[in-house]
Each structure stands twice: as C-alpha cells, then as structure tokens.
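Participant: Here's the letter readout for the chains.
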Amino acid sequence: DAGVIQSPRHEVTEMGQEVTLRCKPISGHNSLFWYRQTMMRGLELLIYFNNNVPIDDSGMPEDRFSAKMPNASFSTLKIQPSEPRDSAVYFCASSKTSTYEQYFGPGTRLTVT
Amino acid sequence: DAKTTQPNSMESNEEEPVHLPCNHSTISGTDYIHWYRQLPSQGPEYVIHGLTSNVNNRMASLAIAEDRKSSTLILHRATLRDAAVYYCILRGRDDKIIFGKGTRLHILP
Chain A
1 DAGVIQSPRH EVTEMGQEVT LRCKPISGHN SLFWYRQTMM RGLELLIYFN NNVPIDDSGM
61 PEDRFSAKMP NASFSTLKIQ PSEPRDSAVY FCASSKTSTY EQYFGPGTRL TVT
Chain B
114 DAKTTQPNSM ESNEEEPVHL PCNHSTISGT DYIHWYRQLP SQGPEYVIHG LTSNVNNRMA
174 SLAIAEDRKS STLILHRATL RDAAVYYCIL RGRDDKIIFG KGTRLHILP
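In order, the protein sequences belong to chains A and B.
With the numbering used here applied, the first sequence covers 1 to 113.
With the numbering used here applied, the second sequence covers 114 to 222.
The set of hints was computed from the structure by calculation and includes no laboratory data.
Possibly wrong hints are sitting among the right ones.
Claimed, not checked - Ranges of calculated distance between the beta carbons of each label pair, as one might list FRET restraints:
1. B:190 <-> A:72: 35 to 41 Å
2. A:58 <-> B:129: 37 to 43 Å
3. B:190 <-> A:74: 37 to 43 Å
4. A:71 <-> B:121: 38 to 44 Å
5. B:179 <-> A:51: 34 to 40 Å
6. A:71 <-> B:132: 42 to 48 Å
7. A:83 <-> B:221: 37 to 43 Å
8. A:54 <-> B:179: 34 to 40 Å
9. A:71 <-> B:129: 46 to 52 Å
10. A:96 <-> B:165: 20 to 26 Å
11. A:64 <-> B:169: 44 to 50 Å
12. A:2 <-> B:118: 32 to 38 Å
Claimed, not checked - Some chain B residues judged to face chain A by a derived CB distance under 8 Å, without partners named:
13. 156
14. 157
15. 195
16. 210
17. 212
It should be emphasised that the depicted structure is a prediction, and the values quoted were computed from it without experimental measurement.
For glycine and all other residues, C-beta sits at the position ideal for the given N, C-alpha and C.
Chain B on its own, in the form it takes in the complex (with noise of 0.2 Å):
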C-alpha cells in the first residue's frame, strides 16, 4: 500500500485557518487522496477526498499539488472542536483504505 507522511501533532489558534500537510511520493495514478478525522473518544470521520483537482466542501478545502505528491487539508476557521487526530490516506481500487498515525491537531484557545 501507497504511505504517506504527516506531522506527528500541530498547534493552531481558535478562529484561524489550518493547513496539515501530508506527502505522498509514491502515490499511484488511480489513488485517491482520502482524510479522515478522529475526535477524542470516537470513531474516525470523513472529511473530504480527491484525485487531483483541489475540492472543497462544508468541512474543509483539499488542496493537491499538480505532481499529487503531497497534500494539504484546510481547515478555514479552526474551532475548539476540530481538535483530533487528522488522517491523510492514500487510497486504492479497492475499498480498503489502510489508516497511519495521523497528526494531532491541538487548538488553542
């Protein structure tokens, strides 16, 4: 399976924008980019996926390098709320998405 690397953990101020990066050298033509989120004491959320074009949608912005090797998630106006564990995860033609450790977003009040 394609890795990908991420910041162990990130700090941000509430109310300013976030931008986690993730890279992903040996990401394939036919993978996608997926991010999941984790907030404590439960299970892992979706945010957002692409393929090569930027995207955008309620939760966030996925911004992909023109190369896809690496990634940036947006978050707009980070709230105390988004304070999880963010998961960037290459995934395949296959439904099977493999989860890696994630960054630790801490959100500053």
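Pulled out of the complex, with its shape left as it was, chain A reads as follows (with noise of 0.2 Å):
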C-alpha cells in the first residue's frame, strides 16, 4: 500500500493567493482528517470526514479554509485568501473506524510571503 499521499509537497505563495492542498487516503479507510502543525501551536485538528461527510470541523480557523471530500479517494484544503500566518506543515490522516489507528501522510510545507 502506497500509504497517504499529499500533494504539493511544498508550497510557497504570495499573500492574497488561493492554495490547495490534496490527499489521497489509504483505500479502504473511511475516516478521513485534516492537521495544521505549527512552532508556536504544535499539531491542530482542522476538520475530519467520515464516510466523505464532514463530522467535526470546529477546529477550522476561519472562513477563508474549505475543505471538501467529494469521494472516499480523494479530499481538497483550500485557503482562499492566504495570509503568513497560515505558513505551516499541513497533514492528512486516514484511518479504519473499527481499529482507529490514524495513518499520516508526509506533510505539505505551505510558505505564503
């Protein structure tokens, strides 16, 4: 199994641009699950999906973040528009509701200057 996957991998944008970040969980898995990990905050739950339908998304900073699954491979972050302060290492995390074990991707290092 080729694990989660994430793409970009790095991201630099200029403030003001649309970023979005992509995630391919693992087949088979239906808990889908968004993290932002910064210095000063340390690992933050952004939202996750269950069965591709978004259960708990309190963890969402503000409006400018979306996220949508619009099937059980595939899942979009997007922040429209950016700010530095949302420079961080982003992950996605899968995992099976009958073992619960979350699965993390490599990570997308987002710079916005």
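Please dock the two separately framed chains into a single complex, following the hints provided.
Facilitator: Set out below in structure tokens:
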C-alpha cells in the first residue's frame, strides 16, 4: 500500500493567493483528518470526515479555510485568500473506524510570503 | 476533551529501556489511551493503544495503571531511530484525537 499521499509536498505562495492542498487516503479507510502543525501551536485538528461527510470542523480557523471530500479517495483543503500566518505543515491522515489507528501522510509545507 | 500531562523532554542511553510516563487523571471510562510518535520531518506515527489491560506490540509496550489515571509507554531497547516526540492521547467515542505537546525523547549513543 502506498500510504496516505499528499500533494504538493512544498508550496510557496504570495499573500492573497488561493492555495489548494490535496490528499489521497489509504484505500478502504473511511475516516479522513486534516491537521496543521506550527512551532507555536503544535498539531491542531482542523476537520475530519467520516464516509466522506464532514463530522467536526470546529478546528477550522476561519472562513478562509474550506475542505471537501467528493469521494472516498480524495480530499482537498483550500485556503482563500492565504495569509502569512497560514504558513505551517499541513498533514492529512486516514483511518478505519474499526481500528482507529490514524495513518499520516508526509505533509505539505506551506509558506505564504 | 480529557487532558494528558507528559514531561517536556527525556533522555535515555542507546540500547537501554525507556519508560515514558503520561498522567490522565480526568480519563473517562470509555476513553482509550493512544500513543503516537513523530520522528523529525515526518508525520506522526501510531505506536500503540489500550483501554484497561497492558498491551504489547512489535514497537512498544503500554502499561496502564489499575485506576487508569496514568500510563507508561515502554521502549524495551532504545535505538537512535527512536529519537522523536512521543504523544500520549485520550480518544473518546468518536474518531477525533487531540495532540498535546508530547515528550521529546533524546537518545544518547
């Protein structure tokens, strides 16, 4: 199995631009999670989906952030417009509800200048 | 969400056992205790989890106190590759897990 796949691995963009991060979960996993990690705030859960339905988005910082999961094999996290304080590593993780072990992708390092 | 308390950092010598403590005095009866670790420049990695009984797997052992208010992750023979941040997390009935600051483990050669 290829594991959780995230793209791009690195993204550098200017303030005000739209950024889209992508995630392909492990096949057969029915839960998907988006996290953000910074030195100041550590690892924060932004949103999670179960069977493609958003269950808890209480961690999404503000309306500039949105996440979708159109099917079981793909999810996006969009930031529009981006700001320098959004600079962080964004991780996607997936799990099977029956086992609850989360498998993390390699992350996308976002830099907003 | 129930909270956990871990030391900020610990050191251990290579090839010796490591005991990483975690306090969770507000744990509820249905909370599972999960441990993850994050190696440098990587995403977190699942290590082990348990409810009441001690658990063993190929990576580590988890010792859970009888009152469940604390637990200890045991690495039986630390290697340099075990240097990481170790997170002790309580998971309730849903899939959500909340990461704290964890313990940064340094392994001395």
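Participant: Which hint numbers doesn't this structure obey?
Facilitator: Failing hint: just 15.
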